[in-house]
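Asks: Take a look at the letters that make up each chain.
Number of protein chains: 4
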Amino acid sequence: MNAAIRAVTRLAYSKSLHVFGFERGWEGLMNDALRTLMPRSVGGIIQLGGTILHTSRSLEFRTPAGIKKAADTLSSEKIDGLIVVGGNGSFEGALALSRETDTLIIGVPASIDNDIYGTEETIGFDTALNTAVNEIDKIRDTAISHERVFIVEVMGRARGFLAVAVGLTVGAEIILVPEVKVDIRKIVARLEENNAKGKRSGIIVAAEGIGDTRKLGEQIEKEAGIEVRLSVLGYAQRGGSPTGRSRLLANLFADKAVELLMKGDGNRIVGLNKGKIASIGLKESCEREKPLSLDLLKLATVLSS
Amino acid sequence: MNAAIRAVTRLAYSKSLHVFGFERGWEGLMNDALRTLMPRSVGGIIQLGGTILHTSRSLEFRTPAGIKKAADTLSSEKIDGLIVVGGNGSFEGALALSRETDTLIIGVPASIDNDIYGTEETIGFDTALNTAVNEIDKIRDTAISHERVFIVEVMGRARGFLAVAVGLTVGAEIILVPEVKVDIRKIVARLEENNAKGKRSGIIVAAEGIGDTRKLGEQIEKEAGIEVRLSVLGYAQRGGSPTGRSRLLANLFADKAVELLMKGDGNRIVGLNKGKIASIGLKESCEREKPLSLDLLKLATVLSS
Amino acid sequence: MNAAIRAVTRLAYSKSLHVFGFERGWEGLMNDALRTLMPRSVGGIIQLGGTILHTSRSLEFRTPAGIKKAADTLSSEKIDGLIVVGGNGSFEGALALSRETDTLIIGVPASIDNDIYGTEETIGFDTALNTAVNEIDKIRDTAISHERVFIVEVMGRARGFLAVAVGLTVGAEIILVPEVKVDIRKIVARLEENNAKGKRSGIIVAAEGIGDTRKLGEQIEKEAGIEVRLSVLGYAQRGGSPTGRSRLLANLFADKAVELLMKGDGNRIVGLNKGKIASIGLKESCEREKPLSLDLLKLATVLSS
Amino acid sequence: MNAAIRAVTRLAYSKSLHVFGFERGWEGLMNDALRTLMPRSVGGIIQLGGTILHTSRSLEFRTPAGIKKAADTLSSEKIDGLIVVGGNGSFEGALALSRETDTLIIGVPASIDNDIYGTEETIGFDTALNTAVNEIDKIRDTAISHERVFIVEVMGRARGFLAVAVGLTVGAEIILVPEVKVDIRKIVARLEENNAKGKRSGIIVAAEGIGDTRKLGEQIEKEAGIEVRLSVLGYAQRGGSPTGRSRLLANLFADKAVELLMKGDGNRIVGLNKGKIASIGLKESCEREKPLSLDLLKLATVLSS
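Chains as they are written, first to last, in my numbering: chain A, 1 to 305; chain B, 1 to 305; chain C, 1 to 305; chain D, 1 to 305.
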């Protein structure tokens, strides 16, 4: 996110715009807590995880009164354009706000879940992918040395985008996502097949959205008669110095967002479409669901054979 | 490369093909040094840098006699399809070979230089990008603490793709690529402007293709009257555990390569086109030059302001 | 462990000894499953996590019959010296075995828990420390951005060595170890004090040995009226490429172990004592408990103020 | 260094001392540029490379007039104790200054070169070691794939401490340090011996202090008739997030430094002696030369066989 804040600030400043950052996101917007951002005030942050503006999950903002307060700030501070950096929740907030204000709103998709309709990739996804891959490479050392099966739970909220990318790139034996019903018998059959081939260790990558992975592990233990270990990859996936690709996307998305504002084109989100930087309507992004390619899952099955 | 070897082997095996690996690339092909590859023989290699088949730069293969020997091996070993994993040099060899054999040849672009026509990205590029970014983040610590200007030379052979991506994502003050003439006066002016703004440290990312960076540093020192340090990022850029994205590309490229072979479609290279996996003719890839977007350079200039 | 296996093999070979590795540790020893190790067979493994010999937790070995079988293997294979690389459990096994055999036994302490009496540091401890530190640095990004308190559970079995080192080096606000009774009121008081100082985020590093960290988080949430997140750092701590220091210790410990064998000095463990490589009796190591310095905990409290 | 600044600040503050930081080290001391440091002003810096106080190599400070100016600042600002974090050069400056002032001076050894008499390890050494090890692990991927010999030049100024630790832990075939005369014939013999054993790739770790590594590579190429590649590991070794161990040393050294000040015990440097935190006289540290253990070099030779 810092890479996006830096890029928006410097690009907008170069076009003679005044740039402000709202502290703690919606909360700052509702309570008029803003900070002038200058090219120098965003120096040395491109490589930092997190966000210098802080963030919050505001319950008040979800109420009509909260939206009204935010719209009032935009009006009293004479803000012409608002760039919202965040995920689906933030974009739904932005859509609600767009109905109460004339300020141009542009969404910049930043989320490790990669579950936003209208972009092939979100800022932060590549970073989370690599954090998870590095951790699972380490877990596999133990899995192989101890000849044991591990379930590794990765993030992704209700969707399986992160789990598929992680599973495919660590060579997971099995990938479980919310988009496909979990079938214990199939899992057990696969593990037994692997065992028969002399492959005694295994990595099952499970999206957090599939439900209770601890219980799943116990069920597999019972059905397959083997020991199963669980490792929940936690909040480290959300932080850390962003990868080159995440920083690049942040720069390119910010560039497009400022371009849209300069053209007076609001209520859109920027994104990656067919490998190019593009934009779609904010409303469309909120209303549609991004499909998960099951081809990748099939590919993963063959690749881990 | 190992990720690609693993993926090709397992995908081809799943389609009941027999898979062989040629030791040291062209050298093994000329001298009939091949190794049967089975799903198990490529286990545990997805995260390893380098290649289990080794590689070589064969001078003999560049001669008609060398090409003839390779074609003879393909014929005597009854090889129906040959997958060449490599960069421009390998593809030129593949093109020459394709004129002497009926074996279907498919190129899989793997190169940290990202300079192959017909694909938006090559296997290994993202890995090299992140290695360089991590190193320069560390160098910047010293640059800032000592308030000093560093030239950091990155790889990329005759092209600037890696330098642009690296420069843009480390927030380099100046990016120098072979595609744009180096103008010492402009560099000095930029550094003086930064100094006037209170920005006393700086990172100049220079592609190896621009020529002698040591001499460049001395010229800048002389013209600008400041101390300039040089750091040449070396072979570490070519190795290391591949990033998630490089592994993903390897899997997807391998999948496409095997699909083309199964369809009897040869003399092509697979690649990423508009964000999707695609292929173009091997001859076209060899004959055309991939353009470098100068828009990214302009963006970098604003972003580091 | 691989670094130790490599070092033992090459050092022993250089002294004209024959070297064998037992597959899966005790299991291989009981069942005469051994593998000749030559300098070339341990090439390229110094940087790999895990162990090429695999490992197992053998229940049978804990019985007199199991010990007998192992002693028989040592006798029938004419093994003069046995080097046991492992932790407390392995050393207790070694001690039991030493009573049934004349083979010289040397323990090489390898454990991420650093809880072995007779050495200031174990192979693997520094690696686990750095893995945990890197993850918590990432978690702190989120903690600060969201202004939230995190409990991070680290490994260490029944002891707090890893937790103290991790907590001290990530700047944890609170460190909880099994050696000190957990006092919820003190934790809450500390968090409130920090909050009053404007420090709204916090990291509590908790050793796994303190008990149920989930319940602890709920208690703190209830008492302090704040949201608390839990992140359990899992098996990644046990794997991964070893740090320079862990590799160095492996080399030095192996050197000492081979030296002891050559001198005919058995039933000892090697270790680091006052910063130098030394050894103590195996029996003494098993019978005594390594003390945890509480001074470091006090230092951590001041340092995170 | 930041970890040490943080620790000194918080520890001294906890003892009711006022803490100031001098900007750019000696330069700030000569020119009375100081900054009040409070516990909160050193928050969030433990994991950052470099130093928030900046640094400089001051030529003026090396003159009697410069020393005098610094002593005047100490006197006019009524500074009771001065903690100097740095290497040999800084300590020589501190010694000179100690002759012109009554302020208590304590040296805290921070240097990637580990060449300070009076401490077994310096802050930053472990970090540089791991940076170098990680890079060389990547270079070895290329060395093995291409079956080539690499010279890797590491830092260390006039000494070989870093080179020995790096070489021993990456499994270098040859380690070259300034303390031992470079013998080209021996190097060539070793490479030929390895080649005869089937080991076609190799890593030669050379300390920067041995002289021109490029020329060395050319000589080896000529004598041995093989291709040799050179990689100079640059300034990345000086930066980056410190390892757990470097942070730990920073904390412990700072603790000892503040303790010495509180006792009124000046003109000493803190350090690690026989694995424990200790101190010796500043003068003794400056006058004596730390010995390099050649045993480690011999061990490395056997280990890479």
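FYI, nobody ran anything at the bench for these hints, they're computed from the structure. Don't take every hint at face value.
Since the list gives no way to pick out one identical chain from another, each pair is judged satisfied if it fits inside one copy or across any two copies.
BS3-like cross-link-like pairs, simulated, lysine-lysine; straight-line CA separation at most 30 Å [said to hold, decoys possible]: (1) LYS15 / LYS298; (2) LYS290 / LYS215; (3) LYS197 / LYS68; (4) LYS68 / LYS215.
Asks: It remains to establish, for every hint, whether it holds in the given structure.
Replies: Against the structure, the hints:
| no. | hint | verdict |
| --- | --- | --- |
| 1 | LYS15 / LYS298 | between (48 Å within a copy, 14 Å between copies) |
| 2 | LYS290 / LYS215 | within (29 Å within a copy, 37 Å between copies) |
| 3 | LYS197 / LYS68 | neither (63 Å within a copy, 33 Å between copies) |
| 4 | LYS68 / LYS215 | neither (44 Å within a copy, 39 Å between copies) |
Checked against the numbered hints above, the structure violates hints 3, 4; every other hint is satisfied.
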